[in-house]
Amino acid sequence: MASIDDIVQDYGIVLRAFLLTIELFLVAGLASLVLGVLLAAARVGPIPVLAKAGTVYVAIFRNTPLLVVFIFVFIAMPRLGVNYPFFAKGCIALTVYTAAFVCEAFRSGINSVSLGQAEASRAVGLTFGQSMQHVVLPQALRAVVPPLASVMIALVKNTSIAAAFGLAEATSRMRFFTNNNADDRMLIFLTFAIGYVIIVELVSLGSHGLERRWRVAR
Amino acid sequence: MNLNRTRIAVVSVAAALALTACGSAGDDDEGGGADVDVKEDAAAEFDDGTAMKEFAEAGAITIGVKFDQPGIGFKGATDDAPTGMDVEMAKILAGSLGIEPDGIEWKETISDNREPFLEGGEVDLVVASYSITDERRAVVGQAGPYYVTGQQLLVKTGSDIQTVEDIEGKEVCSVTGSTSLENVEAKGATARGFDTYSECRDQVLDGTVEAMSTDGSILLGYAAENPDEVEVVGEPFSEERYGIGYSLESPEMCEWINETVQKSYDDGTWADAFEATLGKSGVETPEPPAPDACPAA
Numbered sequence: 001m002a003s004i005d006d007i008v009q010d011y012g013i014v015l016r017a018f019l020l021t022i023e024l025f026l027v028a029g030l031a032s033l034v035l036g037v038l039l040a041a042a043r044v045g046p047i048p049v050l051a052k053a054g055t056v057y058v059a060i061f062r063n064t065p066l067l068v069v070f071i072f073v074f075i076a077m078p079r080l081g082v083n084y085p086f087f088a089k090g091c092i093a094l095t096v097y098t099a100a101f102v103c104e105a106f107r108s109g110i111n112s113v114s115l116g117q118a119e120a121s122r123a124v125g126l127t128f129g130q131s132m133q134h135v136v137l138p139q140a141l142r143a144v145v146p147p148l149a150s151v152m153i154a155l156v157k158n159t160s161i162a163a164a165f166g167l168a169e170a171t172s173r174m175r176f177f178t179n180n181n182a183d184d185r186m187l188i189f190l191t192f193a194i195g196y197v198i199i200v201e202l203v204s205l206g207s208h209g210l211e212r213r214w215r216v217a218r
Numbered sequence: 001m002n003l004n005r006t007r008i009a010v011v012s013v014a015a016a017l018a019l020t021a022c023g024s025a026g027d028d029d030e031g032g033g034a035d036v037d038v039k040e041d042a043a044a045e046f047d048d049g050t051a052m053k054e055f056a057e058a059g060a061i062t063i064g065v066k067f068d069q070p071g072i073g074f075k076g077a078t079d080d081a082p083t084g085m086d087v088e089m090a091k092i093l094a095g096s097l098g099i100e101p102d103g104i105e106w107k108e109t110i111s112d113n114r115e116p117f118l119e120g121g122e123v124d125l126v127v128a129s130y131s132i133t134d135e136r137r138a139v140v141g142q143a144g145p146y147y148v149t150g151q152q153l154l155v156k157t158g159s160d161i162q163t164v165e166d167i168e169g170k171e172v173c174s175v176t177g178s179t180s181l182e183n184v185e186a187k188g189a190t191a192r193g194f195d196t197y198s199e200c201r202d203q204v205l206d207g208t209v210e211a212m213s214t215d216g217s218i219l220l221g222y223a224a225e226n227p228d229e230v231e232v233v234g235e236p237f238s239e240e241r242y243g244i245g246y247s248l249e250s251p252e253m254c255e256w257i258n259e260t261v262q263k264s265y266d267d268g269t270w271a272d273a274f275e276a277t278l279g280k281s282g283v284e285t286p287e288p289p290a291p292d293a294c295p296a297a
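These protein sequence lines are chains A and B, in that order. Position 189 of the first sequence, counted from 1, bears residue number 189 in the numbering used here, the numbering being contiguous throughout. Position 157 of the second sequence, counted from 1, bears residue number 157 in the numbering used here, the numbering being contiguous throughout.
The hints are simulated quantities; they were obtained by calculation from the structure and are not laboratory data. Fair warning: this is a prediction, and the values are worked out from it, not measured in the lab. C-beta: ideal position from N, C-alpha, C; glycine also.
With the Cβ distance kept under 8 Å, some of the chain B side facing chain A (calculated, not the full set):
| no. | residue |
| --- | --- |
| 1 | V139 |
| 2 | T176 |
| 3 | D202 |
| 4 | D206 |
Non-contacting residues of chain A with respect to chain B, defined by C-beta distances greater than 10 Å in every case (computed):
| no. | residue |
| --- | --- |
| 5 | A31 |
| 6 | G45 |
| 7 | G116 |
| 8 | A120 |
| 9 | V197 |
| 10 | V203 |
| 11 | L210 |
Can you make the complete structure from the sequences, with help from the hints?
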């Protein structure tokens, strides 16, 4: 009975669960940013093999349901002899999936920088890498903040799939509470929903801050 | 050309999916079960306005069972109907209403949706390894128990883990959100929750986790499927009393369920049901538990 007492009593459990959700989000978020930027660079870059590889990667991982990616990493890969600790597997599944979306967000940002800028920077003798680093990416970054925030918000919520794969994050704990306290489901759902809303709000506040800071007259 | 290539790709992917779907099915050969008496003209026995009368007159009832617990409630992808101890109990109950096993509509219930299904009227009864607890009895009715089991461990044959004390510091899996998971956590193990028991069993088989823990009856079913690779170890460290769930809107069902369960003890159909299902793993047929008194109407 009285699950709200349980939640208050087991405050630590709820906090730890959300901490794991946040850890998954941060590690997978950072890793997918790195992988996504590399993929975007490959897709817009001058090397055809890399561009093709980037396109294939995005086609595969953006079009596969995240649950299937999780099943592959957690159920299929261990049978093929590839096995990592649970937290690492969760991060891998979330990263390879999210990186495809990050890549596309960055590619759209890069495409929003007019081609003349890239041509001009090549004309003054910058290499592809230099023109990306000093001319194109800084401008692309501004255009990329809003779509990237959407991708990251989706990632926060996507971490909940890990509940069915051995990671005791927030959704998994919520199911533990609802199963034990069948008489107070609404309250439990609400408590956990609010937790997610808080995390997502923090992400979107951060993105608003970045948008404001990086705004320049163009 | 391009379109053609896409088409070939689509077809081959579809074929691959179809093949995988086939591959996972059909590795179960139990089936059958004990014969169940179907009462004739049962509707006349029940008072007007009771849920039992409605079911008996309609000749149909919807019953929620597990589909992923061999020996308890299991249905392979190619099977027409589920099999197991819970399924046999459901048939006994339906039989007392004059409903043939064919007249039962089986619905899969998982641990999370048993109460919502009963409250929303999606199922009329839940017989799904449904442990009786006070919290559950606050929102749904639970008659019985008709079977008592306890939490044990399933490990690879020859594992270091032989008693529940050995799981400290090890990774142990069960179903996400289950009480079993909470109990192993309390024993110092790292709890790993999965959606279904079979996924959890696979984790034990491929060595990702060291043990699976849930009710001994469920583990026995899995051990019977893979006797060379896994075994059930340790004394039970909890008591689970399986009850039959019904909606609180029809409290009259409790007496009927308890009487039918008691009758199946007396006439031996309960023992037949046990031997045809869980008994196959080699355990002796236990003494059936006495049903709890029904709450005062």
